[in-house]
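J.: Read top to bottom, the protein sequences are chains A and B.
When you line the first sequence up against the working numbering, it's residues 9 to 307, in that order.
When you line the second sequence up against the working numbering, it's residues 9 to 307, in that order.
Hints were generated in silico from the structure; no laboratory data involved.
Among the hints, erroneous ones may be present.
All copies of an identical chain are treated as equivalent in the list; a pair is satisfied when it fits inside any one copy or across any two copies.
[Stated by the list, open to error] Straight line, CA to CA, 20 Å or less: simulated EDC-like cross-link-like pairs of lysine to aspartate or glutamate: (1) LYS232 to GLU271; (2) LYS230 to ASP243; (3) LYS261 to GLU159; (4) LYS157 to ASP81; (5) LYS230 to GLU271; (6) LYS112 to GLU124; (7) LYS112 to GLU293; (8) LYS112 to GLU79; (9) LYS198 to GLU124.
There are 2 protein chains.
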Amino acid sequence: MKRVIQSAINLSTSESSLVEKIVKEISNISGLKVADCSSDSDHNRSVVTLLGGEESLERAVLKIVEIAAQEIDISRHRGEHPRVGAVDVIPFTPWQGVDMEDCKKLAWKVGKEIAEEFSVPVYFYGEAALREEHRDLSHIRRGGYELLKEEIDKVPERYPDVGPAKVHPMLGAVVIGARGPLVAFNVNLKTQDLEVAKKIARKLRGETGGLSYVKAIGVNLKSKDMVQVSMNLLDFRKSTIYQTFELVKLEAKRWGVEVTGGEIIGLVPLEALVDIASFYLGIPELSIGQVLEYHLSDY
Amino acid sequence: MKRVIQSAINLSTSESSLVEKIVKEISNISGLKVADCSSDSDHNRSVVTLLGGEESLERAVLKIVEIAAQEIDISRHRGEHPRVGAVDVIPFTPWQGVDMEDCKKLAWKVGKEIAEEFSVPVYFYGEAALREEHRDLSHIRRGGYELLKEEIDKVPERYPDVGPAKVHPMLGAVVIGARGPLVAFNVNLKTQDLEVAKKIARKLRGETGGLSYVKAIGVNLKSKDMVQVSMNLLDFRKSTIYQTFELVKLEAKRWGVEVTGGEIIGLVPLEALVDIASFYLGIPELSIGQVLEYHLSDY
Numbered sequence: 009m010k011r012v013i014q015s016a017i018n019l020s021t022s023e024s025s026l027v028e029k030i031v032k033e034i035s036n037i038s039g040l041k042v043a044d045c046s047s048d049s050d051h052n053r054s055v056v057t058l059l060g061g062e063e064s065l066e067r068a069v070l071k072i073v074e075i076a077a078q079e080i081d082i083s084r085h086r087g088e089h090p091r092v093g094a095v096d097v098i099p100f101t102p103w104q105g106v107d108m109e110d111c112k113k114l115a116w117k118v119g120k121e122i123a124e125e126f127s128v129p130v131y132f133y134g135e136a137a138l139r140e141e142h143r144d145l146s147h148i149r150r151g152g153y154e155l156l157k158e159e160i161d162k163v164p165e166r167y168p169d170v171g172p173a174k175v176h177p178m179l180g181a182v183v184i185g186a187r188g189p190l191v192a193f194n195v196n197l198k199t200q201d202l203e204v205a206k207k208i209a210r211k212l213r214g215e216t217g218g219l220s221y222v223k224a225i226g227v228n229l230k231s232k233d234m235v236q237v238s239m240n241l242l243d244f245r246k247s248t249i250y251q252t253f254e255l256v257k258l259e260a261k262r263w264g265v266e267v268t269g270g271e272i273i274g275l276v277p278l279e280a281l282v283d284i285a286s287f288y289l290g291i292p293e294l295s296i297g298q299v300l301e302y303h304l305s306d307y
Numbered sequence: 009m010k011r012v013i014q015s016a017i018n019l020s021t022s023e024s025s026l027v028e029k030i031v032k033e034i035s036n037i038s039g040l041k042v043a044d045c046s047s048d049s050d051h052n053r054s055v056v057t058l059l060g061g062e063e064s065l066e067r068a069v070l071k072i073v074e075i076a077a078q079e080i081d082i083s084r085h086r087g088e089h090p091r092v093g094a095v096d097v098i099p100f101t102p103w104q105g106v107d108m109e110d111c112k113k114l115a116w117k118v119g120k121e122i123a124e125e126f127s128v129p130v131y132f133y134g135e136a137a138l139r140e141e142h143r144d145l146s147h148i149r150r151g152g153y154e155l156l157k158e159e160i161d162k163v164p165e166r167y168p169d170v171g172p173a174k175v176h177p178m179l180g181a182v183v184i185g186a187r188g189p190l191v192a193f194n195v196n197l198k199t200q201d202l203e204v205a206k207k208i209a210r211k212l213r214g215e216t217g218g219l220s221y222v223k224a225i226g227v228n229l230k231s232k233d234m235v236q237v238s239m240n241l242l243d244f245r246k247s248t249i250y251q252t253f254e255l256v257k258l259e260a261k262r263w264g265v266e267v268t269g270g271e272i273i274g275l276v277p278l279e280a281l282v283d284i285a286s287f288y289l290g291i292p293e294l295s296i297g298q299v300l301e302y303h304l305s306d307y
């Protein structure tokens with residue numbers, strides 16, 4: 009069985025020509041597959057989802073950082089989503105023939121290479137965190153690039169794991185790590201009142217009493233005259249997509265605000281889709297084995 | 009690319025030991041995969057879903073008919089679902105590297121072999137129909153085995169396409185053909201009033217003004233003290249799963265009857281699941297390319 013690791017790389021740009029350039033530059037790397045690209049102008053972010061083995065992902069990540077170091081100036085970046093760098097987050101997720109240990113090793117290896125080659129501060133997060141306080145991405149990104157720049161050489165908790173304690177002029181910082189499959193799920197609200205999105209996010213977020221494995225923030229969608237509850241489901245089996253959606257709808261009702269719809273950024277595991285169909289169609293026993301394509305993949 | 013045809017074989021038994029025996033007997037056929045088995049005691053039917061190339065499916069089907077000729081006596085069969093034979097329906101559906109023509113040819117070849125080897129009347133249906141009036145499965149099964157037995161040598165429309173114009177003592181008749189992917193979707197209602205299920209089925213059925221590609225009947229679920237709207241979605245892209253589910257719910261409301269849930273018999277294409285998630289989560293742009301496993305299958 010081929011070794012497959014998934015990497016949903018978060019870039020602090022929504023410029024489609026730049027994303028296209030990046031995809032073109034890495035598309036000839038053998039064993040690599042660009043599975044999805046998704047850009048959002050309000051977030052001013054893009055997610056490029058790659059599938060491949062260790063070697064091809066290492067080459068792809070280094071190439072992406074190289075291009076970003078020339079093309080994305082984090083100090084001039086504006087956007088609704090917290091970020092500390094041009095190549096903001098590089099997660100590795102085990103998928104097939106590999107385990108979490110493999111992904112941690114890959115994160116450490118590639119992170120070290122990036123730090124040395126580009127003189128950029130690098131943080132290891134998630135399962136690859138070297139310090140407990142770096143396990144949680146939102147802690148590393150607290151206050152964004154702007155605050156990190158101030159604190160990086162002053163507050164011990166914010167010292168990088170490798171690389172200089174000084175933000176890179178273009179790249180800022182890089183966060184790299186290993187984690188299980190994450191679902192990036194956003195729900196849009198038909199109001200311009202950001203406070204409503206923030207209040208609902210607080211109700212959803214595990215940290216503030218919501219669903220344990222949900223990270224949630226309120227975000228302004230200026231281009232759409234709307235606001236958004238932007239969520240990461242860190243364990244979609246335990247805190248599910250339908251739960252977050254239904255809870256956002258219930259909270260929105262309380263504020264008399266209409267939910268216009270959801271969006272999934274990047275890829276979603278088949279198991280999560282089966283769970284959604286099972287819930288909404290009332291089929292508790294629906295299983296992944298009933299999906300035709302599931303059988304073709306190992307045919 | 010490997011040639012893959014899907015065949016969801018409908019058997020007039022719900023005896024699990026017999027279904028297990030059948031699966032065991034065909035499990036060593038090279039190139040064949042038993043993707044799913046599903047039995048229902050109220051319908052007194054089982055669906056065994058196979059994936060494979062022409063040769064392996066031909067061998068599997070002949071073996072199944074051979075076992076059924078010894079083990080399933082259609083003349084003593086009781087069940088809620090219309091049927092004319094022990095091996096009631098054998099559909100072939102193109103999936104990968106094959107087209108509908110290949111499936112039609114396979115149906116004709118295997119149908120002829122079954123008729124000759126077992127002296128059983130065989131009907132070709134769906135895309136493999138030789139006569140327009142046999143295209144529709146429900147026309148062939150009208151009145152079930154009992155009526156077919158009476159009419160098979162008297163009513164020209166009911167003459168078989170191959171084999172004798174006389175039902176087989178055990179097998180009854182066999183219907184074999186080619187069709188696109190079908191979704192077998194049932195919705196259960198918390199009432200014992202079969203008339204309600206029948207009325208709702210009439211509202212759903214394309215023939216009587218409902219959704220064009222939906223076949224629907226009302227069925228008694230004695231073991232559950234419930235009734236069921238049992239549906240076949242002949243084109244799940246045009247008449248979708250969520251449409252049928254929501255329409256059944258709306259009709260049920262009118263009768264003050266609770267919908268307890270749905271069930272999917274056999275396999276469901278990934279595209280149908282994406283459609284369900286897209287509808288219920290309000291994500292119009294959700295695509296099959298966002299499902300991780302979709303990329304692994306051709307990786």
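J.: Regarding LYS112 and GLU124, is the shortest C-alpha distance of 20 Å or less found within a copy, between copies, in both, or in neither?
T.: within (18 Å within a copy, 63 Å between copies)
J.: First find the shortest C-alpha distance between LYS112 and GLU293 inside one copy, then the shortest across copies, and answer within, between, both or neither for a cut-off of 20 Å.
T.: neither (35 Å within a copy, 34 Å between copies)
J.: One pair to classify: LYS230 and ASP243, alpha carbons no more than 20 Å apart. Within, between, both, or neither?
T.: Neither way: LYS230 and ASP243 sit 30 Å apart in one copy and 40 Å across, limit 20 Å.
J.: Evaluate LYS230 and GLU271 at a C-alpha cut-off of 20 Å and name the case that applies: within, between, both or neither.
T.: within (16 Å within a copy, 42 Å between copies)
J.: First find the shortest C-alpha distance between LYS157 and ASP81 inside one copy, then the shortest across copies, and answer within, between, both or neither for a cut-off of 20 Å.
T.: The answer is within: 14 Å in one copy meets 20 Å, while 80 Å across copies does not.
J.: Between copies, within a copy, both or neither: which fits LYS198 and GLU124 at Cα up to 20 Å?
T.: Classified as neither; 46 Å inside a copy, 66 Å across copies.
J.: How do LYS232 and GLU271 come out at 20 Å by Cα distance, when the copy is not named: within, between, both, or neither?
T.: For LYS232 and GLU271, the Cα distance is within 20 Å only inside one copy (14 Å; across copies 38 Å).
J.: Is it within, between, both or neither when you check LYS261 against GLU159 at 20 Å Cα-Cα?
T.: Answer is neither: 41 Å inside a copy and 61 Å across each miss the 20 Å cutoff.
J.: One pair to classify: LYS112 and GLU79, alpha carbons no more than 20 Å apart. Within, between, both, or neither?
T.: For LYS112 and GLU79, neither the intra-copy (28 Å) nor the inter-copy (56 Å) Cα distance is at most 20 Å.
In summary, the structure is inconsistent with hints 2, 3, 7, 8, 9 from the numbered list given earlier, while agreeing with the others.
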